[in-house]
Amino acid sequence: MKFLTFPTLILKDIFENLTLEQLLILSLCSKRTTYAIQAIQSRQLKKVEYIFYKLTSEDQIIVRSNWETFNVKLSTVSLKDNNIIPTELFGMKREVECCSPPSKLAPRYIYIKKDREMIMEKIHDYFYQIFGSTVYYQLESYADGFTPRLKNINCSDIILPNGTSLFDLKTFFNSSPNQEYVRIRGDLNGKLTKNSALFTTEYLDINSSKTHGDDILLAFKGISIRFQDTMFHASTIIWFLNAWKSGKGFHNLKFVSIASIPGRCLDKNKLAENVGIKSLGSPDDTFEVKWIERTNGAVDGNRNWRDRSFNPNQYLIRDNDGEVAFIRVTMFSFDFAVWSALGNPEVIDYIDMYN
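For the sequence shown, the UniProt record's numbering assigns the number 1 to the initial residue and increments by one for each residue that follows.
What the hints contain is simulated information worked out from the structure, not anything from laboratory work.
Check before you lean on any hint, since a few could be wrong.
What the hints assert, rightly or not - Calculated pairs, SDA-like style, for lysine to any residue (alpha carbon to alpha carbon, straight line, at most 25 Å): (1) K290 / L266; (2) K170 / R116; (3) K254 / N269.
Everything numeric in this text was worked out from a predicted model, so none of it was measured.
Please model the complete structure; the sequences and the hints are all you need to start from.
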């Protein structure tokens, strides 16, 4: 493009008067344009802290960022109404049917649903090429029949479509292993391998009334795991606590929360007998343990944290190093928090007080 022959100062003035979306569209013109924008606007591009992708149940693709009012929306059109003339948006080849519609009243971009997976991948690959690994990439997917396969995603919130296979999940998590936060809603039974990359997530939320959480808990290698409406066997909780107590596993795990367990499977006294859990005086002797926990940040794209707490009456001491975990057990729930990760570590004094 001829304007690339302008002096750098003039190009800088041009670029600084463009929005982020306009810069990205301009970068599509050629690789030389992309390189020029990256070189001249490097300080501006560093202002982008996150890229947030949302795929709605209506098959809209929404892309947002913290910079300015950057908000890109793609909507589907039916094959019958297909007046799309491919324009190689976001580095896509001409055979991918995606373009800006002629009407100003129409959505910003339109595409054919059959190309949805490819378009999502191309959009993300394009942004990753521009911003690299310094940006925090979030994905929220509520679309039917779609399991994303995007690389280098940091945070995911996914509703699993009916028919999701073991291969689909394996491909997605292998593309983006070691995510900071993942929330999954849907049936996971028989859809995870023993070495699934999902288990390396730092903060994992599982919400599934059809899933047994036993294998997921025992394979988890992250910091915090939460289950909601998920089935468990009491023997799994006993095995987990004994493994932690003996120092034979779960060294990274700091927090476990299992809420609304169907079937009343837990018995506080049986757990204490099989694991060697200690109690603080009478059942009424409790205190509050506090910490902060990663949660979904898809609303505004930020990394959100929330205050968590519970009031335990029981605790467990690890054999090899004396680490303490506080425990609360009811028929329907189980909470576990390691002392060294708490926001109020002074609660350790309660153990000396009651013993």
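Exercise. Can you give the numbers of the hints that this structure goes against, from lowest to highest?
Worked result: none
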